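Given only the sequences and the hints, what does the whole structure look like? Please build it.
Protein chains: 2
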Amino acid sequence: MSGAEPRRDTKWWGWGDPETTASLPAAALEHLDGRIGLGAGPISALSDVQLPDPLPLPDRLLAACGSDAVTVGREDRIRHATGQSYPDLVRLRGGVLDEAPDAILVPPDGPAVVRILEACSDAAVAVVPYGGGTSVVGGVAPLRGAHERVVALDLCRLRRSSVDRRSLIASLGPGLRGPEAEALLRREGLTLGHFPQSFGFGTIGGFAATRSAGQASSGYGRFDELVSSVAMATPIGELRTLETPHSAAGPSLRELALGSEGTLGVLTELSVRVREAPEARRYEGWILPGFEEGADAVRNLAQSDLLPDVVRLSDASESEISRLLSGARGPRKLGADLYLRVRGRREGCVLIVGWEGERDAVARRRALGAAALRRAGGVSLGRAPGRAWERGRYVGPYIRDALLDVGVMAETLETSHTWARLMSLYTAVGSAIEASLAKQGTPPIVMCHLSHAYRDGASLYFTFIARQREGSELGQWRAVKVAASEAIVAAGGTITHHHAVGRDHAPYMRAELGDVGLEALRAVKEGLDPSGIMNPGKLLPTNG
Amino acid sequence: MSGAEPRRDTKWWGWGDPETTASLPAAALEHLDGRIGLGAGPISALSDVQLPDPLPLPDRLLAACGSDAVTVGREDRIRHATGQSYPDLVRLRGGVLDEAPDAILVPPDGPAVVRILEACSDAAVAVVPYGGGTSVVGGVAPLRGAHERVVALDLCRLRRSSVDRRSLIASLGPGLRGPEAEALLRREGLTLGHFPQSFGFGTIGGFAATRSAGQASSGYGRFDELVSSVAMATPIGELRTLETPHSAAGPSLRELALGSEGTLGVLTELSVRVREAPEARRYEGWILPGFEEGADAVRNLAQSDLLPDVVRLSDASESEISRLLSGARGPRKLGADLYLRVRGRREGCVLIVGWEGERDAVARRRALGAAALRRAGGVSLGRAPGRAWERGRYVGPYIRDALLDVGVMAETLETSHTWARLMSLYTAVGSAIEASLAKQGTPPIVMCHLSHAYRDGASLYFTFIARQREGSELGQWRAVKVAASEAIVAAGGTITHHHAVGRDHAPYMRAELGDVGLEALRAVKEGLDPSGIMNPGKLLPTNG
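Protein sequence lines, in the order shown, are assigned to chains A and B. To convert, take the position in the first sequence, counting from 1, and add 1; that gives my numbering. To convert, take the position in the second sequence, counting from 1, and add 1; that gives my numbering.
It should be emphasised that the hints constitute simulated quantities derived from the structure, not laboratory data. What you are looking at is a predicted structure, and each value in this text was computed from that prediction instead of being measured. A few of these clues could be false.
[To be verified] One-sided and incomplete, this derived list gives chain A residues near chain B with beta-carbon spacing under 8 Å: (1) 246; (2) 250; (3) 455; (4) 500; (5) 514; (6) 520.
[Said to hold, decoys possible] Selected chain B positions facing chain A (in silico; Cβ < 8 Å): (7) 212; (8) 238; (9) 417; (10) 419; (11) 420.
[What the hints assert, rightly or not] Listed next, with one range per pair, are the computed distances between beta-carbon atoms: (12) B:516 / A:64: 16 to 26 Å; (13) A:278 / B:38: 52 to 62 Å; (14) B:432 / A:181: 39 to 49 Å; (15) A:278 / B:188: 41 to 51 Å; (16) B:226 / A:278: 19 to 29 Å; (17) B:376 / A:542: 52 to 62 Å; (18) B:432 / A:163: 23 to 33 Å; (19) A:480 / B:59: 51 to 61 Å; (20) B:527 / A:479: 29 to 39 Å.
We put the beta carbon where it would ideally sit given N, CA and C, even for glycine.
Put into structure tokens, the structure is as follows:
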């Protein structure tokens, strides 16, 4: 079975590299214990995890896949039973999985995926496409829908790549993880520039299927903007879009495949726009008097074509807690303290900005951007906070595991709106989270940052932490998730800016798209997936 | 019927303003007579035009529309019987229309459109949404499909607008013509920046329904990039997308509505991203040694983030004929002649570039761009050619009518491809047009320009003129159109970069999208338009 096995190089019970853990500074633990209270969160042993027995697969499906490319091993089934959402982590730590795939298929290439989908369609076996397994919204939950059996279709072997240097286009296999794709491109002096927090383990196919946005997407473009063409295997055959820079030949089918989250088919090839690897990079921190003033400063940058490649404005709460969690001392803390003292304020909002590219261009853009930030009342904290942010840019999920270790729930969610309605969305969602958790007896710390700024609006990314309600962790989460989601819907924001829909946001899709919009999606799904095998229970509301 | 009438302020037999005509310089006429030969192209009188008698509409449809909003007048039916494609002009001049709508409905607002579509769906009456009637691909041809009756749904009364200044978003009614929308925005110091050649008469709804691209789209963005949300009336109700800057909540339904060309529904509201009206504008001409060298120079601009807002590189043939048609003398001709003499070349390629925006930004960007063009072997021709191009930027369609007056066919078509494959596409399409018309005994002049440059490729826009084959004008056109389209398909280009599909490109949509892609579109159409009344015979191939 060598070469046809799924990956087993991450923690089975939490985020990422088994050798890497985050440790929380003592001061942070003390602060949290004082504000929200700490507990304990034990982890079951892998051998103790309970999961349902697998059902055997039909022979014709095994034949279509090649029997050396099928595994029903217990550990592999556990590894494909969840993504990395907060409820997923709670379930894994608790050691009881109500759902698991009956088998994991590990096809060698795109044509094999087409054959497998055809066979699954004939045999009415549900299929969950699986890339990096990093979904935080239940996108890879092994749901069966109306079918008896469900398989995970692990794309880790689809990792072919090639580069068209002249057109700055790379063809990348969907199974490539972020760092693998970057390493391939760096050999040619190129970069994709896509750095979501899931970068280390998320895959190219997953980025496309979920409309991922990365930390530098203001500069390089969101993943949906980077994709120039796709091939998608569906139960009725392969959909392939032309590799041209643009077309007016009807509605964009590429835009139909992007964000389809495995409910229409499986992305088997992607052409993406790449860039010269940056000659220079400059990240720095600024402090602004308040979140609204900071948002206005970012709006001005965006509307004057001066947006840096990375822009991230933390509200006062996130600014404070980040300093605490990173154990910031030295220039970063000093700079912020000084600023606050000079201004006679208790709090300030930290803005991280970053520029990448040719040396001259970085210098030119930075000078224009810095002047605009000063005009907006910003004070530079220098490069130290930028460097600190860069060092810590992928540690969030490790910190979440460390918080779970001390009985603290840590959850994130994101939305977006126009500038005119952004602050009311900010207030509404923050208040809803606060109120729901306070009512449950576990008052939270709610933080937010603005990122992914556009000329017409921006996204808001909320992080909240609270003591876990022991024994009813999932109920606690569900209540606050519903409260936050209903607040987003009421304020007219989108239910997700870049985490995607998965299982967790599906109930809000009727509010997002309306009846006619849902009918449009349902119709496409019925056309491409007539037996409804593709990723049941995701994206579309199950009652609609 | 006042206030509920369609517009009658354009030529019924050709392009645009009845008071405006282009006159061809004597030198140009002489040159053309020598190279391709001239003839004569008389125009029928409006009173002589033959068209089928209208069928009466069902009462319930009249009730849904409001009877004061229905016209069956002969002139209105003629005016809604064609767009502005070359075959349309041939038919109009010939005075025989095989197809005409049975009536023109002129609804007052979006809710009326929803009611009308519901009534048409119940009564099985085909509906052709009609904006500016400027389609050059048969997009508003009054085809009935499987239905007995067909109406034109003229959106000229849907012209409401409002502006969200903070978010730089304008809500624009689909019936607003380009200049009307710009005038509304200019009052607020804003611009949409969308200037296709059809600007004067094309409508906001039409720009969206056809994925229009304008002359300054490299800077301001194509129309599909400007649209932030849509409302689309369909036979099953209204589809409305959220007005947020971005969402990852599934496939983009906005991208499904854009380019749907009236086959899924009628766009009744559009939110578009607008900008501050430019403080400065600078247009200028450059000359480059050849088309391939020029394309490389434009590629370098695009891939170094130095792309001007307007970029248009003519090949040697277009450079020559443009000079001739514009009667260029003075600095423009002198500059070009001098260049050619100095370089010892017979031909050169003219590049028009334009920058718009804040004064400082224009100066900065222009300096960087000009330096890059000089490095690429470009020689500046100064601002005179830029001004000349600006003056003539909307006259193309008037010149086409003037050429028809002297028995000359003038047709355009466009495609796009990646940089790596652009020159082979250029050669293949140019040769196919050349060969087809030569074979028909009417050897053409074929011209091309590269515009709409992207980091990964560009569009090619072909113009060709040839003596008309008297008595078989349509056959002549059909043969060359097939030859050019087949060459595009064989080279892997898109069948249209911004003219859209309409009737004329529908036969090539299977090559463009593949079987599964067509099935996806067909499925959506069946879901939203179950009785198939929306713009029959457009976009989707009729045999598929």
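So, going through the hints one by one against the coordinates:
Checking residue 246 of chain A against chain B: minimum C-beta separation of about 4 Å stays under 8 Å; hint holds. The interface hint given for residue 250 of chain A is met, as the beta carbon of that residue sits about 5 Å from the closest beta carbon of chain B, less than 8 Å. Against a cut-off of 8 Å between C-beta atoms, the interface hint on residue 455 of chain A holds, since the closest Cβ of chain B lies about 4 Å away. With a least beta-carbon distance of about 7 Å to chain B, the hint placing residue 500 of chain A at the interface is held under the 8 Å criterion.
Annotation: residue 514 of chain A was flagged as interfacial toward chain B, and the flag holds, the nearest CB pair being 6 Å apart, inside 8 Å. Satisfaction of the interface hint for residue 520 of chain A is found here, the shortest Cβ-Cβ separation to chain B being roughly 5 Å, below the 8 Å cut-off. For residue 212 of chain B, the suggested interface contact is upheld, since its CB lies about 4 Å from the closest CB of chain A, less than 8 Å. Hint status for residue 238 of chain B relative to chain A: holds, with the closest Cβ pair at about 5 Å, below 8 Å.
Evaluation of the residue 417 of chain B hint against chain A yields a held restraint, the C-beta minimum of about 5 Å falling below 8 Å. Residue-level restraint check for residue 419 of chain B holds (minimum Cβ-Cβ distance to chain A is 4 Å; threshold 8 Å). Checking residue 420 of chain B against chain A by beta carbon gives a least distance of about 4 Å; that is within 8 Å, so the hint holds. Hint check: residue 516 of chain B to residue 64 of chain A, Cβ distance near 25 Å, so the stated range 16 to 26 Å holds.
A C-beta distance of roughly 56 Å is found between residue 278 of chain A and residue 38 of chain B, which places it inside the suggested range of 52 to 62 Å. Remark: the range hint 39 to 49 Å for residue 432 of chain B to residue 181 of chain A is upheld by a beta-carbon distance near 43 Å. A hinted range of 41 to 51 Å for the beta carbons of residue 278 of chain A and residue 188 of chain B is consistent with their spacing of about 46 Å. Hint check: residue 226 of chain B to residue 278 of chain A, Cβ distance near 26 Å, so the stated range 19 to 29 Å holds.
About 56 Å separates the C-beta atoms of residue 376 of chain B and residue 542 of chain A, a value consistent with the hinted range of 52 to 62 Å. Remark: the range hint 23 to 33 Å for residue 432 of chain B to residue 163 of chain A is upheld by a beta-carbon distance near 29 Å. Residue 480 of chain A and residue 59 of chain B have their C-beta atoms about 54 Å apart, which keeps the hinted 51 to 61 Å range intact. As the Cβ distance of residue 527 of chain B to residue 479 of chain A is approximately 37 Å, the hint placing it in 29 to 39 Å holds.
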